[in-house]
Amino acid sequence: MDPKVITLTVNGRKHQVALPPNITLLRALREYLGYVDVKNGCEKGDCGACTVLLNGKAVNSCLVLAWQANNAEIITTSGLGSAENPHPIHRAFADEGAAQCGYCTPGMVISAKALLDENPHPTEAEIREAISGNLCRCTGYGQIVRAIQKAAEIINKEGDAS
Amino acid sequence: MLPEFDLVMPENLQQALENLGQRNPGVVPVAGGTNLTVDMRSRRHTPATLVNIEHIQELTGILQEDDRIEIGSCVTIAEILKSPIIAAVAPALIEAARGFANPLIRNRATIGGNLADASPAADTAPSLLVHNAQVELWSKKNRRILPLDEFFVGVRKTVLQPDEIIKSVHVPKTNRPSASSFYKLGLRKADAISVASVAVYLEKKNGACGQVRIAMGSVAPKPLRAYAAEELLTGKHLSLKLIEEAAKLAAEASSPISDIRGSAEYRRRMVFVLTRRLLTHLAEMMELKDW
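So the sequences go chain by chain: A and B. Here our numbering runs 2 ahead of the position in the first sequence, where the first position is 1. Here our numbering runs 135 ahead of the position in the second sequence, where the first position is 1.
Just chain B, with the same shape it has in the complex:
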């Protein structure tokens, strides 16, 4: 049985923001409810009021702009998986959606919910981080756009204010030759919380590695970038030795814990393995391999 709460059913974004602004704290938005309902049932989270945002038009749909796409925060993981627009701009995000929970959850869980929940294991985060995604945050009084990297603060903590919601997630487009990939290591294929995950985005420039971004999940209090590894690779020809060095730096940037899914030592080693695997794969794909 769920604890008691008030449920507000606004018809548009304006009404939703007014509700979030007026009655906080203890007012939280709900869309797919795949985390929130579970947390309420276990009494881990007992908000006084929920604001249903799942059908709010301004929060749905995937918009094409000249320089970016904007994914509404209530776009479901199933919708992401089927989106040719996202496949063209952020292939790593499609891979993340493919390994996300199971089809039943994917039909309800939303990209905004996955980010706002801010689990270190949030499956969409590493892919969005390597694509330099931004989150557009709206409240009744204020609107702001933040790099996703600045959005996460710690385990289940973000900079989101009680009166704010994620309006959309922006993913920049590029004309430069690029590719991205994501790998989630779970204890099984479906319905797994990742033991470790890594995403890599790579650009090709003058036959060498151009801009490169690496992000990791489940190996630190929040999803995070491996900046030192990125720096090492930028502008270089990709030899297996260099890739291994970068993978080592990524592993060093992680700070995993030991839990039921894996030890800290194993996780750190997996960051190395997954980073090496993805870099090798992308270097081959982009005809950048120097070995």
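Next up, chain A with everything else stripped away, as it sits in the complex:
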């Protein structure tokens, strides 16, 4: 079927891109627009490596058809903070050693962001629940949970710079 031009606003930047209908949001982001910070893991909604915020909600971008995201606002991990001024979640992940191979990290960070946007003072159980769609096979979840707790503290003190 013919491609259609759709509009995606990614990390505040507006893109227009012609895509056939069978392209997922994940592939649109990585292969058409170059947002390779969004990782392709299982491509079936099991691992959460491809998690992005779609109009403020954390979703598996591998399960969304790109056309369905037409005119949507998308936030990926690289849209939080900057290299010079990292987002509190990024800082906390680095400080707590919450990334080892790093493949799950972009998804973890986005799930953490979605949680803290809604619930600035999560309990440990709420944090574990919030990242339950994101699999990590290296560090285990202890460091990641601690990093999100720390990020919550920083944001509550300094605000969310994103």
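Be aware that one or more of the hints could be misleading.
Partial selection, computed: residues in chain A whose CB lies under 10 Å from chain B [claimed, not checked]:
1. H17
2. I25
3. W69
Here chain B is said to cover these stretches of chain A; the calculated rule only asks that three of the stretch's residues, wherever they fall, bring their Cβ under 8 Å from a Cβ of chain B [claimed, not checked]:
4. 73-86
5. 96-105
By construction, these hints were calculated from the structure, which means they are not laboratory data. Using N, Cα and C, we set each Cβ at its ideal position, and we do this for glycine too.
Please arrange chain B on chain A, whose structure you already have, making use of the hints.
Just chain B now, kept in the frame of chain A:
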């Protein structure tokens, strides 16, 4: 990579129904895509045309009527989880939503999709069955309302015609004192496909058990009611012995298979345990316990 397909983006329900009516078979609706995208990628399902219904206004939102609530088929599991209206009418459905996959999936998966997919393990089905839910089905030519119990036919089979979609799910309200609960047994907390699940709805009448409904998931080709167990309990005082007898009847009504998640024997035993647990819990909650 997904196989090739046409994708139609209707702006309203009328347009969606026209598309479903015109070009079938091989035309299927898509909303959250949490099952369909996966099935297409594995080539288990290769529809020629998808009709995107996720933003169609008539399929979203939760309506309050005098005698029922109507949950639009594109209401997501995350929306159910946050709905005070549903919490007041069908607490068991909230419990089902809480244990549904994970937060990422819950933000996309819809109640209509969960039912239309008709997995024996569909998490929303047992709770909706015990609440006597109905599905409202629309096609271009026809509209009908069916008890959910008549909607499921078998493993991933329903009575839904190729030109039909689920418009909404109706859940009746009651003024009688009632409570409901759902328990999903999975191999882990998050992202689990249930090994067995049970939902129970209980009404209190004259200090005894009034209407009671029990439904089970993952233990038969389709989610199903345990009618014999219900009959045994109706109108009775709830002793532990009676609860155990009812739980036994529920287990007997199941016809589980052995698979990677559990053996048939284990599943049947779990139907007994979960039914007993939920009945005991609800009897305590409703001050109906006779022990």
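*asked:* Under the constraints set out in the numbered hints, which ones does this structure not fulfil?
replied: Violated hints (numbers, rising): 1, 4, 5; every other hint is consistent with the structure.
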